[in-house]
Amino acid sequence: MQFRTVIKGGLLAGLMALAMSGSALAVTLHSFNGGEPASLDPHRVSGDWENRIVGDYIEGLMTEDAHAEPIPGQASSYTVSDDGLVYTFTIRDDAVWSDGTPVTAQDFDFAFKRLFDPETAADYAYLQYPIKNAEAANAGDVPLDEVGIRVIDDKTIEFTLEAPAPYFLDALTHYTAYPVPRHVVEQHGSEWIRPENIVGNGAYQIVEWIPNSHIRAVKSETYYDAENVQIDEVVYYSMDDISAALARYRAGEFDILTDFPADQYQLLQDQYPGQAHVAPFLGLYYYVVNHNKEELADPNVRQALSMSINREIIGPDILGTGELPAYGWVPPGTANYDFDEYRPDWADLEYGERVAQAISLMEEAGYSASNRLNLQLKYNTNENHRRIAVAIAAMWEPLYVDVELFNSEVAVHYDALQNNDFDGVGRAGWLMDYNDAINMLELLRSDIGYNYGRYNNAEYDELLRESALITDMDARAEVLRQAEEIAMGETAGIPIYYYVSKNVVSPAISGYEDNAKDIHRTRWLSKSE
Amino acid sequence: MAGLTGKDAVLTAYAEKLANLDAPKGRSLSQDAMRRLFANKAALVSLFVMVGIIIIAFVGPFFVPWGVGQVDWTAFRSPPDLEKAHYFGTDQNGRDLLARTLQGTQMSLVVALVATLVSVVIGVIYGAVAGYFGGKVDAVMMRFVDVMYALPYILFVIILVVIFGRSPILLFIGIGAIEWLTMARIVRGQTISLKEREFVEAARASGAKPFTIIMRHIVPNLAGPVVIYATLTIPEIIITESFLSYLGLGVQEPLTSLGTLISDGSSVAEVMPWLLVFPAVVLVTMLLCLSYLGDGLRDALDPKDR
Amino acid sequence: MINYALRRVLSALPIMLIAITVCFVILRLAPGGPFDGERPLPPTVLQNVMAHYNLDKPLWEQYWIYLSGVLRGDLGPSMTSYDFSVSQLLAIGMPFTLMLGMTAFVFATAAGMLAGAVAAVYQNKWPDYLLVLAVMIGLIIPNFLMAALLQLAFGVHLKWLPAGGWPGFSIPHLILPVLVLSWPHAARISRLMRGSMIETLGTNYVRTARAKGLGSRLVLARHALKPALIPVVSYLGPGLSYLLTGSLVVENVFGLPGIGRYFVNAALNRDYGLVLGTTIFYVVLILILNLIVDLVYAWLDPKVRYR
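Residue numbers (my numbering), protein chains in the order written: chain A, 311 to 839; chain B, 4 to 309; chain C, 139 to 445.
Honestly, the hints are just simulated from the structure, not real lab data. A virtual CB, placed ideally from N, CA and C, is assigned to each residue, including glycine. Treat the hints with caution; some may be incorrect.
[Unchecked claim] Dumping the calculated DSS-like pairs for lysine-lysine here, alpha-carbon to alpha-carbon at most 25 angstroms:
no., chain 1, residue 1, chain 2, residue 2
1, A, 423, A, 465
2, A, 837, C, 263
3, C, 263, B, 44
[Stated by the list, open to error] Footprint (simulated), chain A over chain B, 3 or more residues, beta carbon under 8 angstroms:
no., stretch
4, 237-245
5, 253-261
6, 273-282
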């Protein structure tokens with residue numbers, strides 16, 4: 311059987327690498343990583359659980375520090391033109407692939423073209439659309455050669471953007487901007503990702519992959535910062551049952567859990583003080599309002615629905631992990647957006663008063679105990695979504711609203727949302743792809759597919775378009791804020807809470823910094839036995 | 004194919020015994036059986052407990068101060084609390100667990116009954132038709148049953164539920180539609196031996212249509228195995244339903260079932276034990292009673308002892 | 139007998155075809171596709187992806203492409219696991235699934251028969267009651283609950299056994315999964331065994347043997363055990379396939395690398411290729427097992443000859 315030799319080969323390489331590392335006792339990090347990765351190819355992955363592995367074995371021009379702030383990775387330095395349109399990167403001299411081949415500008419050029427190639431069908435190619443002609447090339451409208459990337463020499467590469475994008479450096483830390491080893495991909499084609507072929511340029515290299523169980527990576531000796539990498543071996547475990555994962559953590563089998571059941575938060579705090587990390591996370595949990603439903607086209611009705619949601623009890627009581635109540639659209643802590651989060655006037659009223667006002671809004675709109683509003687509330691199957699839906703349905707009851715709860719699994723749910731096939735409201739969530747307010751606000755732009763509720767406001771669209779052309783950061787932020795105020799002023803969608811990241815980290819691990827992107831590269835961690 | 008409680012094997016053995024017996028299986032059998040059933044103490048107690056559970060599940064909600072979907076905004080995750088009348092505590096949504104357990108019991112019972120009914124109806128008609136007509140019809144129909152046996156049925160239930168949504172009605176029908184195979188086999192065997200008997204011959208001679216003969220003369224004589232089958236099927240369906248709930252494919256909110264309550268409760272067994280213990284006790288009691296009842300019925304109807 | 143086996147194998151082919159077709163059609167009837175997720179794909183990308191998997195072709199053509207692939211032994215690509223084909227995923231998971239299933243099967247059969255025999259011999263005495271209770275526990279506690287409770291008790295609190303994982307072959311890691319998986323199965327076997335054993339113990343020839351003055355242990359072994367086994371054997375086939383397909387829960391709770399959970403995950407994610415591949419795998423497995431059991435049964439019980 312071919313596969314067995316693969317594993318053995320991988321293990322052997324791993325053991326050799328361990329032996330070479332020279333330390334008497336190899337330090338192994340056992341990390342519960344969530345779902346099974348769909349791929350390890352940076353152009354095919356789409357989830358944070360894949361990002362954690364891919365980001366350990368490949369590194370882009372920019373990478374994340376322990377606080378997930380962008381810092382130069384494979385690049386030693388970069389310059390930005392005055393108009394903010396041209397970025398030039400110099401690649402480190404000591405940047406090499408794990409097989410010893412130097413990392414070159416051509417590798418990056420090859421990778422970006424592979425990313426935009428319609429044949430690759432990369433899910434997240436659009437994250438690099440700020441690059442000139444990228445969107446057109448990805449759609450197959452212009453040849454890949456016309457994408458705004460130019461190789462100046464082996465170690466210098468230049469990017470030209472469509473418009474100034476202050477978040478471009480941050481976007482370059484994303485896995486869509488990772489290089490791939492051109493020499494290996496050209497030799498093995500799609501098989502390059504198999505453990506016997508795989509080559510990376512990151513702090514770790516993949517040595518073993520057993521689907522539905524784990525992926526094992528060992529420290530790469532060719533990595534430029536290898537001397538500062540403390541952990542010799544990482545095992546990323548894939549499991550779907552997070553309660554079971556917590557049990558295994560408590561049994562001492564895992565060092566890090568990248569998620570934990572909210573109901574167990576109290577238990578963790580009591581029995582394992584300081585080990586549960588709950589931190590603000592750049593993302594919004596919201597309810598999409600279908601603007602094509604006649605009854606919901608009335609902004610007063612939408613406002614009444616939003617007002618009567620008691621967000622203060624959702625985080626602490628219903629979920630139990632203290633998610634922050636959300637009244638605005640852009641999460642606090644978003645970069646290039648130095649405002650307090652948006653709060654409507656009614657947010658400060660006492661809850662009973664809010665409900666009373668909401669009821670009178672509904673009565674003005676013609677609803678009463680005998681003339682009730684029938685709403686469908688769609689959510690995808692998940693314990694937390696269910697609880698919130700149940701609670702909100704109960705909160706809406708005094709407003710003469712009858713809610714029909716309707717759950718379906720993810721694929722069906724999002725299929726319905728995209729086709730605007732929901733008769734009322736639908737649950738949705740957005741985790742920001744890069745740290746900029748525009749990424750949130752675009753969800754409400756009328757010409758974008760993610761605008762499930764089909765909110766359509768010409769003024770709003772115009773403000774977003776305008777913002778893309780402004781190079782002055784503060785002025786741009788003002789325009790974006792104005793857009794947020796317009797959308798929230800007429801309750802374009804119903805924000806519920808800002809996400810928090812939930813991790814459990816063993817006290818043996820140090821160097822773990824909570825951050826708003828919830829990215830913790832293994833190279834910054836260390837483990838004491 | 005592989006039944007969860009092994010009833011397939013039990014029933015097949017039972018059916019063979021029935022087929023080898025020439026004695027008429029008329030009304031006297033059921034009277035006999037009733038007498039024997041009531042002599043079996045475990046079965047009798049189980050019967051009473053079961054009837055009690057059914058009554059409480061359907062009448063109880065009228066006496067519980069809290070509604071199924073009613074949220075007590077002052078009591079989230081509350082352990083059993085006599086003052087606020089949350090005798091079983093509340094869940095993470097502040098809903099009364101007693102009310103929800105009663106409703107869940109109703110749902111589990113209804114799921115089990117309807118699914119059993121579906122399987123009995125399909126199985127009896129299918130088996131009787133195959134057995135009565137015999138020959139090619141029989142061969143083709145039984146070949147189909149063999150094919151169905153070879154398919155990993157739980158996988159098909161999952162596909163069906165995934166595809167056609169979570170409505171309880173579909174859940175009943177989906178589960179029931181897969182449980183009829185053994186029934187069909189047993190009924191076919193019975194029918195083959197029944198159709199040679201005088202009263203069927205007489206009916207045929209008097210010109211009755213095949214369908215009439217099947218419905219009026221054959222089906223009523225199948226009461227014994229059908230009753231046992233039904234009793235043994237119910238706990239199996241309850242377990243299957245709880246397994247589907249574990250997979251997140253159970254009934255839709257705000258409705259609930261014992262399986263859903265238990266699978267939700269099992270992950271918080273340490274922090275909110277009441278969410279697991281109360282529904283689990285009800286489920287275990289029910290399954291235990293049904294199991295003793297099934298055993299009792301089987302013993303009572305076993306023709307070997309006649 | 140070879141003739142019989144051959145006929146059985148041939149008759150299995152249409153079953154396979156029906157299973158594939160039914161599964162194929164049902165899957166395509168389902169709402170949602172493999173690429174509808176939390177983050178919907180931009181239309182241009184979606185088009186590319188659909189073309190990549192031939193999903194933009196007419197349904198009959200896709201069916202034909204798939205079938206001809208299966209005939210060549212190629213189960214096609216998975217739509218949720220890009221780096222492995224369906225055949226590779228199944229090949230990797232199969233050894234573990236078979237090993238777990240077989241271990242549980244052997245354990246359950248041995249424990250079930252022993253418990254059943256002991257209970258029958260001590261009918262209505264305390265060992266019988268105790269064993270019946272153990273059997274009941276296996277039958278009435280849903281396996282996901284049993285798995286979670288055992289994991290908590292032995293893995294977290296007592297720390298006697300690993301709470302999960304599969305770091306390569308290791309007996310301690312196997313104990314809890316095998317226990318959870320085999321308990322209900324052992325319970326069923328012991329019930330069958332107890333019933334048929336009580337029956338044979340009451341038959342004339344056993345009583346005669348006893349009257350002849352043979353030791354009771356010898357009577358048990360020689361005269362009662364063998365005939366009592368027949369109904370048990372007839373249950374082994376369905377039982378084994380139940381164990382093999384039923385590993386989903388233990389794989390989930392204990393984080394084991396089998397193929398049981400592919401099915402549900404793949405069905406939920408509309409991974410058409412993986413659902414079909416897993417179905418084919420299980421159907422083939424069950425057909426083979428049934429064939430083996432039928433052959434064994436026919437060999438054991440001369441009354442049933444190869445029809």
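Agreement of residue 837 of chain A and residue 263 of chain C with the hint, judged by alpha carbon distance not exceeding 25 angstroms: violated, 57 angstroms
Has the given pair, residue 263 of chain C with residue 44 of chain B, been kept, meaning a C-alpha gap of at most 25 angstroms? Within the cut-off at roughly 17 angstroms; holds.
At least three residues with a C-beta closer than 8 angstroms to a C-beta of chain A: is that true for the stretch 253-261 of chain B? n = 3 at 8 angstroms, threshold three: holds.
Against chain A, does the stretch 237-245 of chain B show at least 3 residues with beta-carbon separation below 8 angstroms? Contact hint for the stretch 237-245 of chain B vs chain A: violated, 0 residues under 8 angstroms.
Counting residues of the stretch 273-282 of chain B whose CB is closer than 8 angstroms to a CB in chain A, do you get three or more? Contact hint for the stretch 273-282 of chain B vs chain A: holds, 3 residues under 8 angstroms.
25 angstroms Cα cutoff - pair residue 423 of chain A, residue 465 of chain A: holds, 18 angstroms
In the structure shown, a violation is registered for the earlier hints numbered 2, 4, in ascending order.
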